[in-house]
Structure formats: C-alpha cells, structure tokens
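Counting with this note's numbering, you get residues 9 to 1002 for the letters of the sequence shown.
In case anyone wonders, no lab produced these hints; they're calculated from the structure. Using N, Cα and C, we set each Cβ at its ideal position, and we do this for glycine too. Just to be clear, a hint being listed does not mean it is correct.
[What the hints assert, rightly or not] So the derived label-pair ranges between C-beta atoms look like this:
1. 640 <-> 976: 54 to 64 Å
2. 207 <-> 159: 50 to 60 Å
3. 539 <-> 575: 27 to 37 Å
4. 982 <-> 564: 45 to 55 Å
5. 230 <-> 138: 22 to 32 Å
6. 348 <-> 681: 29 to 39 Å
7. 302 <-> 985: 41 to 51 Å
8. 597 <-> 417: 20 to 30 Å
9. 159 <-> 359: 50 to 60 Å
10. 417 <-> 138: 28 to 38 Å
11. 103 <-> 348: 44 to 54 Å
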Amino acid sequence: MVKIGVRARAVDLLGRQQIAGIPTAIHELFKNAHDAYAERVEVDFFRKQKLLVLRDDGYGMTRQDVEKRWLTLGTESRVGANKDEDVWTGPKDLPRRAIMGEKGIGRLAIAVIAPLTLLLTRAARPDGKSHNLVVALVHWGIFEQPGLELQQIDVPIKEFPSGTLPTRNDVNELVVQVRENLKALKAEISEEEFKKLNESLDLVTVNPDQLDQLLASQSQRRGASDEAHLSLRHDVGTHFVLMPTAPELVDDIDGGADQDATFVERSLLGFSNTMTDAEPPISTSFRDHRLDGSCPDLIGRSEFFSKEDLESLDQYFEGEVDEFGQFVGTVRVYGNEPQKYVCNWPQAKGRRIRCGKFRLRFGYLMGNPHESLLAADRHRELKARCDRYGGMYIYRDNIRILPYGNSDFDFLDVERARAKSAKDAFFSFRRMAGYIALSHENNSSLNEKAGREGFRQNQAYREFVAILKNLLKRLASDYFRRGGDESESFWELKDKFDAEFKAAQKQKKSADKKREELRDELERYFARVDDSYFEKQAEWIKNNFEKSLLVLDPELDPADFSVQLSEIRRSTYGEIGELEALNRVSKPSALSIRGRLASLWSTYNRVSLEVRDESIVPLKEYVAHELNRAGKAITAVYRAEQASQELETKSSAVIKSVASVRNEAYQATEAFKNTLRQTVKSEFSEFRAQLMQGLEEFVRAANSDPENIESVYQKFQDRISEIELQQAAQFAAIRDQMKSLSEDLGGGYTADTRAYIWEQRAERLEEQLEFYQDYAQMGMGLGILQHEFTHVAADFREAMQAIKPWADRTPGLDNAYSQLRSNFESLDGYLKVLDPLGRRLNRSKVKISGDNIYLFLMRLFGPRLEENSIELIPTTEFRKLSVECKSSTLLTAFTNIVDNAIYWLMEGATGQRNITLGADESGFLISNSGPGIPAADSDRIFEFGESRKEGGTGLGLSISKNGLKDENMDLILLRNGEDTGPTFKICTVVEGEL
C-alpha cells in the first residue's frame, strides 16, 4: 500500500504562508494564551537587539504537552473542546471560556515573526503538583528546506526545577544540539543554506535569567507590583523569545499615515472586547523598547474604545438580531431618550437564519464638530480615535475576529453605499465605533479561514452581511434621511446646529478680516516706532515751523502779518494733526482680540501714550508758545478773529463728515425695516395658509367619516392649537428682539456691543482653559520625570555605595569617585525640586542678596560664560541689594533671564559680550549688549508659549513673571528697541540701603 508522506516544508506552508503578517501571527499567539486561561499576555519588542519576548500567565505546558501537542501538527486536543461539560479552567478557577483554536496549526504562525524560537513553559495542573520548567529551541529555517522529512528534524528540550531559569550556557547547550542536527542533515541541504542556518545560530545570545531580571526591574519602574511581573522562575505560564525579528515588524509598528493606525494597532488593539459591561477575560500589552529609551504600550486599553466612549457618541444603537433575522433594540438620537426600534429582514420569510442570532452595539460620531453634541476637545479626541480605529468589530465570545474593524476592511460596503447614493446613505465606516457579538454556541456556521482573513463566504456569512446591510440602510432611511418616519428630532437639531454654525462662520469671517486689518495697521505703527519716526517727524515739523517764523517780516502791515502768521499756524497744526493721526490706531468697538494681537494692542496703548507725551505734546506746547510770542504785534481781537475763522472751517468739515455717516445709518435703518416687514408678512401668510389647509382637511375627513366627527374635530383642534403656539412663539421672538434692540440703543448699546461682551468673556475663559491645560501637561510631565528620576536615583545610589570600598582602596579612583558623588548630589538636589509633596517649593521665605545671586549664577553658568567669552558684571548696587522671598522663585527668574541673554549674545551680539547686573531703588536690573527687542514684542515675550528663540518653549519668562507676582514682585522689560540692548527689571520690595 502507498502511504502519504509529510515533508518538513508542510510546517512552513501551514504556518508562515497561511498568515497575513507578523501582527496576525501575534494575534494567534494571543488566542493560544486565552485558551490556556491566561489573564495577561504581554509583548516586549527590543528594537536594538531585534528580540521579541511574548509572555502569558496561562496554565502552561508539561514536557509531554510540548512533545505530543505543541510539536505535533493538527492535534485533536481542542477539537470539540467547546462541547465538553467538565473543563478545568486553570489554577485560579476562572470562568469557563470558549476555545478559540481547534485546527492545531495556529502556533506555527510564530515562524513569521523570527526564524529562531526559544520556548519556556511551566505547567499547572488540577493535581496541584509542581512541574519543571520546560525549555525548547526551534529553528524554523530548517523546516523551509526542501526534501527533508519531519522526523529528521530534532528539537532539543531541557528541563529546569522550580526557582531557576536557564542561563546563557544552558541556551548554548541547546544551540549545540541544533548544530549537530544540522550536520546530520548537511548532505540534504544546499551548501549556501547550510552556511546561512549555521550563522543564524550565532545570533542566539539571549540569557533568560538576566532577561527576566531586566523585565522585572522595568515592571517595577512602571509602578507594577511584584506579583504583576510575568516570570517563570516560580510561576506558571508560557514565554516565547523570538530572534532575530523580521524587518517587517518595524514597518508594521512605524508605518501608516499620521491619521491612520499602524498594522500592529489595527491587528492587536481590542483583542478582548472592552466595549461591554463585563471585564475583558484577558488583557494585552505590546511594549516597543525604542532606541531613544522610550517604551510606549502600543495597544494599551486606554488607546481603544470603551463602553462609555460608545455611549457618548452622537447617535447610539443597541439590540439583538433574533433567529429569524429581526432586529429588536433601541436607538438614541442626539442624546434624546432611547426609542424602541424593530427592523425585519425581508429575505427571512419566516425561516430561521443560517448565521444564528447575535447582538450588536455601536455609536456614530458626527464628522463636523458643530454638528455634534460633544464638547470640542472631546469631539477632537474621539474623532482622532475614529480616524485610526473606527469601524464595526466582530467578537466571538469576547475575542476579536480579524480583520473585522480594520478601516481598510469595510465588509458592510458602507463607503460604497455612500458613494452610490450620498443622499440616502448616512453612515461613514470611520465615523462608526462598535461591535457585533457572536458565540460558538449560536454562530457555529460562521467559520474562519485558515489565514485569519475573515469568515468563509458561505451562505451563513452572506445572510449575516445582508442582515447588517439592511439594518444600516433602514436606520439611515428612518432616522437620518430628511422626511424619514423618525427623522424629525435629528433634523431639528442638525438644522439648528448648521444655522448657528453658518452665522458664527459669517461673523468669524468678518471679524477675522477686521483683525487682519488691525494687525497690519499695528505692525505698520510699530515699524514707525522702531524707526524713531515720530521723534524724527516731530523734529522736522519743529524745524520747518522755526524756519517759517524766521522769514516772517514784523514790518508788514498788521493785516498781512496776521494772514501770514495764520497760514503758518494752519500749516503747522495740520502737520501735527497728521502726526497725531499716525499715532492713532482705531479698533472696531465690537471686535474681540486675543493672543498676539491683544498683546500688540495692549503694547500700542502704552507706546502711543509715550509717543504723545514725549513727542507730540511738547511739540504742540512749543508751537503754541512761539505763535503767542510772534503774534504779540497783532491786536488780540484780530488774532481771535483769525483763530475763530479757522475753527469754524474745521468744524464745518467735521459736521459734514459725521452727517455722511448719519445718512448711511438712516439708509441701513430703512433697509432693516423693509426686511423685517417682509419677513413678518411672509411668516403671517404661511400661518394663514396652514390654518386654511387644516380647515379643508377637516371638512374632507368629516365628510368621509361622519360617525367619528368628534374625534376628527378634536384632532384638528389640537393641530390648530399647535400651529398657533409655534407661530405665536416665532412672532414673540421677533417682538422681543426688537424691544431689546430698542432698549439697547436707548441705553447707548448696540447688538455688536452685547455680542462683543459675551465673545470677550468666552475668549477669556478659553484662554484660561488653554493656559491651565498647558500647565497641567507640564505638571504631569514633571510628575513622570520625578517618578522616573526617583527609581534611577535609587539605583545610582546603590551602585555608588557598592563601588565605594573599591574606590577607597584604589589609587586614582578615589578622586573620580568624589567627583561622581558631588555631581550626583547636585542631580539629587534637582530631583528634590520635583518632589510632588513640594517640600522645596513651599519652604519659608529667606533673605537673599545680590551677592548671593551673582555667586549662584556663576556656579550655574560659569563654564558657558567662559566658553563663549561673555562677561557677567555685577555692580556695587546689585551686590548690596537684598530681598526677603522664596529663593527658588527669585533664582528661577534670574536663571531664565540670564540663560536667554547668553543665547542672544551668542546669536547676534557684535563687539563685547556683556551681561550687567544692576539695581535701583525699586529692584534688580539685568541688561545685556545683545540684539534689542522690538517694541511690538515688549509685552508678548511674557506670554505663555511665546518665544523668539529657535526651538524655544516660551515657558521661562512666563513662569518667572507669574511666580514673582505670587511674591508681590514683578518682571518687566524696562528698555526695548531693536537697536538697544534690552534691560529687564525685577521689581521688588527692597530691604537695606543701596
């Protein structure tokens, strides 16, 4: 008789070539952990070493299990396991689970990840006996070789007692056995492949004992308890150490656009269903140990959707499809009360569906923020998550079925239906988030393909998809298509949101244009200030005025003299008026501003007063004085007459200008009245038409059913009352708006003024929220740093103590040890500043002098100053000045100011590089010889997040200024201008004498 033989390549074909990719293979191993009643399964990928470690805390395998089950193809151990009544659920006596794997080939997918697998497993069994740790080394590359029989390949196995893990030498012994097996097969393997296989064994350099210690320390640093560390030293479970990982794994982790999920995220997120009321049976992690030292968990539970996330979405659906294809559940539109909804599948025709009954729950997020009930930040968060992970997931007994849920696997053709008929289709696949819950018990006819590419497209699956498509189509038609049976509440709110958004956009567009015009005008103004235009122009007007007076002939006839003097007055004051106009920037009264524009406006208000007081007012006083002196030769009556004529001419021009604006206001009022009259007339006509139509319908209904005339009468009377209430409310709203407008105008208000008040208030609250959010992020970042530094410092301190005896006995090492210890103590001092209890930040006030500050700055910046040839010069006044405050607050301010000064001196200083520390009667002065600060930026540099430095955070000066204010001090820029080195001042209460 002829027998079927099995080549070794069958393992390669059944395993690696049946799996879509590495994440799919890891998903298979996750399912194996689930079937072994693990509560946790974790992956650690070490990029530098190209090493992947997968660990679970399941009930593990004995040596017999490894030899007879794990290393045997197509085992029957789990066939029909879901039908057995008496099932052991592990040493923790967990609730029974449905077994995910029945084919006995899923474990072979491990070959996709890496060619070499070190298996470590320790078993627990119902008898409670202690089992040895079983370790095996598998080289999957040997199974790829053509012509080899399965029984020719040896897999070395070794056992270890409880409390021990294999060392590097133990692993080397397994490697030696694989090499010996290769030598025995050399005649049947090509020379090139033999060499490649042998060289690959050189990469097996792992030490499981040290690896366990490393993972334990990292677990402790993450804040996990000792029990949380997955170890086989004493505990049970199965671990895989895979090496060297295929290069595709890095692409699977890093690949994908900014808004798209990576292949790893798409395949492994949501392995257990986190969107139900129950706790997931198994938790998963995938930690990526990157080259920069970071170690994010790519599939943490917080990354995926929760039940609360689904319920917070704008539209929410939940229910069950029974054995006849009928959906019965609830629909909640825009947060309204859930409504019962029933949807039949027409093709059922009274027969039981082949796919079996199932449940589903999903939510839908409106794509545009203005169409959503969610707050803007919450909508932004969920939209980003939907963009990456949105879709309809399928779970069988709470374990995900791949690839359902992936954004690139729209198995319900949602986007196709949307493209064919955007008018009727409502749903978008990426705006959906939810799941379909199947079970082995009810849905056994839905069979997965061997390659984990979804279900086989048998009749049961086709019915399953058809039922879901029909449900989505009916939901869209009934609730979200205009005119649908249940669509009134949706469109009422959506139309309201759209109208509000359009009005807001129109207002925003107008306001943005005005802000842009204001910004341009302010920037032109500050360009003139930086160019000293006002001082130069005032000087030019003065010189021109003096020249005009010099050519004035006092011997002229008084009348002619008066005319010439009047012309000089008119011309000079005209030039001064033009200069005043250039110093004047008008902001629309109802325009709200924030950020840099608000800072520019605030700076303008201060600078324009300075320009007026320093340049324009003195010029006007000088001109008036000189005109008085020159006009003494003319009688007072004649001079008054000339001045009166000039004022009258100017007044006429002003009246003409204002009258023009008044006439435009009259025209706008008439246009408004006409629009209002037409609107009210149109609404009233519609109201009458509805009443007449209702009356005609009543007459027809009464004639067709005279026996029920009273009920018909009551129905139409209710309808008339409803129309009355709606129209009366609409006219009342118009009336109230007109009354409010009239009252506002009478009180000196306008609608723009009222809107401006609320807009300003809203923007102030938004700014405060952003400010506090930024500080909260900083606080959380500092908390993380403090947590990490604490563990690092503890390890460092232990290491220092360990090498101290050696340093004491080794000549030359003692000095290095002392320097290392000194630097560590400085670092430890910084650590204490991050202490969450705030011991350093909340200490009592101390007296600190300028001399103390100078010494502190030299210790901190001395090497940088010397390296960049910058001189830090303290004046006598600075050294003598002292103040009582929290030293950390004052020293932080000096640190930020001097650090900025060093940067700008290095970037743009010409000539000598100096930082001068001075003082006056009200505070400390810090100036430098670097580039100046434009007047437009003199206030903005103190705003949170604003920085002129390349790569700067914009935090230093903002934090310093706020900290000093808490100490009743302040930080200001005393001297600005692009051509003048800046001078900062720390204003404070001074103790002692200068």
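Each hint, compared with the structure:
1. For residue 640 paired with residue 976, a C-beta distance near 55 Å keeps the hint of 54 to 64 Å intact.
2. Range check, residue 207 to residue 159: Cβ separation about 26 Å, and the 50 to 60 Å hint is violated.
3. Hint check: residue 539 to residue 575, Cβ distance near 31 Å, so the stated range 27 to 37 Å holds.
4. Between residue 982 and residue 564 the Cβ separation comes to about 52 Å, which falls inside the hinted range of 45 to 55 Å.
5. A beta carbon spacing of about 30 Å between residue 230 and residue 138 agrees with the range 22 to 32 Å that was offered as a hint.
6. The hinted window of 29 to 39 Å between residue 348 and residue 681 is violated, with their beta carbons roughly 51 Å apart.
7. Remark: the range hint 41 to 51 Å for residue 302 to residue 985 is upheld by a beta-carbon distance near 44 Å.
8. For residue 597 and residue 417, the Cβ-Cβ distance of about 56 Å falls outside the hinted range of 20 to 30 Å, so the restraint is violated.
9. Between residue 159 and residue 359 the C-beta distance comes to about 51 Å, which sits within the given range of 50 to 60 Å.
10. Checked against the hint of 28 to 38 Å, the C-beta distance between residue 417 and residue 138 comes to roughly 46 Å, which is inconsistent with it.
11. Hint check: residue 103 to residue 348, Cβ distance near 32 Å, so the stated range 44 to 54 Å is violated.
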